[in-house]
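J.: Sequence:
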Amino acid sequence: MLRRLLSCTSGTALIEFAFLLPVMLVLYFGGMTVSELIAVNRKVTVATRSLTDLVSRNMSPAIVYNDPAAGNANNFLSASAVSLAPYKLDVATQQISLLRVCDANHAYVVWTRARTQNSDGSSGSAIASTDTPGTLPRVERQPREAIVEVPGDLVSPNMIPVSPDGTNVCNNLDPGTSTTTQVGTSGAFLYRGTVTYAYAPPIDFMSVGEMTLSDTIYMSPRLF
Numbered sequence: 005m006l007r008r009l010l011s012c013t014s015g016t017a018l019i020e021f022a023f024l025l026p027v028m029l030v031l032y033f034g035g036m037t038v039s040e041l042i043a044v045n046r047k048v049t050v051a052t053r054s055l056t057d058l059v060s061r062n063m064s065p066a067i068v069y070n071d072p073a074a075g076n077a078n079n080f081l082s083a084s085a086v087s088l089a090p091y092k093l094d095v096a097t098q099q100i101s102l103l104r105v106c107d108a109n110h111a112y113v114v115w116t117r118a119r120t121q122n123s124d125g126s127s128g129s130a131i132a133s134t135d136t137p138g139t140l141p142r143v144e145r146q147p148r149e150a151i152v153e154v155p156g157d158l159v160s161p162n163m164i165p166v167s168p169d170g171t172n173v174c175n176n177l178d179p180g181t182s183t184t185t186q187v188g189t190s191g192a193f194l195y196r197g198t199v200t201y202a203y204a205p206p207i208d209f210m211s212v213g214e215m216t217l218s219d220t221i222y223m224s225p226r227l228f
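If you read the sequence shown in our numbering, its first letter stands for residue 5, the second for the next number, and so on.
The set of hints was computed from the structure by calculation and includes no laboratory data. All values reported here derive from a predicted model rather than from experimental measurement. Among the clues, some could well be false.
[Unchecked claim] Label-pair ranges, simulated between beta-carbon atoms: (1) Ser-224 x Arg-142: 23 to 31 Å; (2) Glu-153 x Arg-61: 24 to 32 Å; (3) Asn-122 x Phe-23: 42 to 50 Å; (4) Gly-170 x Ala-89: 48 to 56 Å; (5) Gly-213 x Ala-130: 25 to 33 Å.
By construction, the Cβ of each residue, glycine as well, lies at the ideal position given by its N, Cα and C atoms.
All chains should be built: construct the whole structure from the sequences, respecting the hints.
T.: Structure, rendered in structure tokens:
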């Protein structure tokens, strides 16, 4: 009987399948999660480009600079969020900022707005921006927090303002004089768009947890 039991192979396929099933499930759900993650990340990039492109084509930096409080980008922020469909929109934030270059690696935040939508994009609400805007065009000392880093390969020499005394304009926070140029009062403009998405796998069987997907794009204004 023992010899017959050892030589019996009638249940081999079932046993092999039992061993392989966990591996197959990991490959299937893991592949599905990675595929959706790539798709959502691509959507974030498309939404970021859409936002920055829309604002750079339709909002004059000179007008926004002279009256930052009147700068209204709600329609553009909401429109860009639609690019994320069919994925949930209420876990995403859209942000746009107008920057003014002050040296080869930094710029002054002239104006900024951020917004999020409800799940289907039918309504939205303003949220706090991660950028700190300055208070120009008011003639007063500007906050250092309004100075942000920008990629150096975006800034050409003709975009950088020159102070009469040769000082770095980014450091000239006080109102300008005949020998200094105050930060934010000269230099090229850039729009910076950022979209952030809190991605949660539909089936989190490996406890991957929530992941933050984000993209940032800079563009020069089309209007002046």
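J.: Do Gly-170 and Ala-89 keep their Cβ atoms within the hinted range of 48 to 56 Å?
T.: holds, 52 Å
J.: Can you let me know if the beta-carbon spacing of Ser-224 and Arg-142 is within 23 to 31 Å?
T.: The hint (23 to 31 Å, Cβ to Cβ) holds, given that Ser-224 and Arg-142 are roughly 26 Å apart.
J.: If you check the beta carbons of Glu-153 and Arg-61, does the distance land in 24 to 32 Å?
T.: Holds - the Cβ-Cβ distance for Glu-153 and Arg-61, about 25 Å, lies within 24 to 32 Å.
J.: Given the range 42 to 50 Å, decide if the beta-carbon distance of Asn-122 to Phe-23 lies inside it.
T.: Since the Cβ atoms of Asn-122 and Phe-23 sit about 47 Å apart, the hinted range of 42 to 50 Å holds.
J.: Regarding Gly-213 and Ala-130, is the given constraint of 25 to 33 Å on their beta-carbon distance met?
T.: holds, 28 Å
The structure agrees with every numbered hint stated previously.
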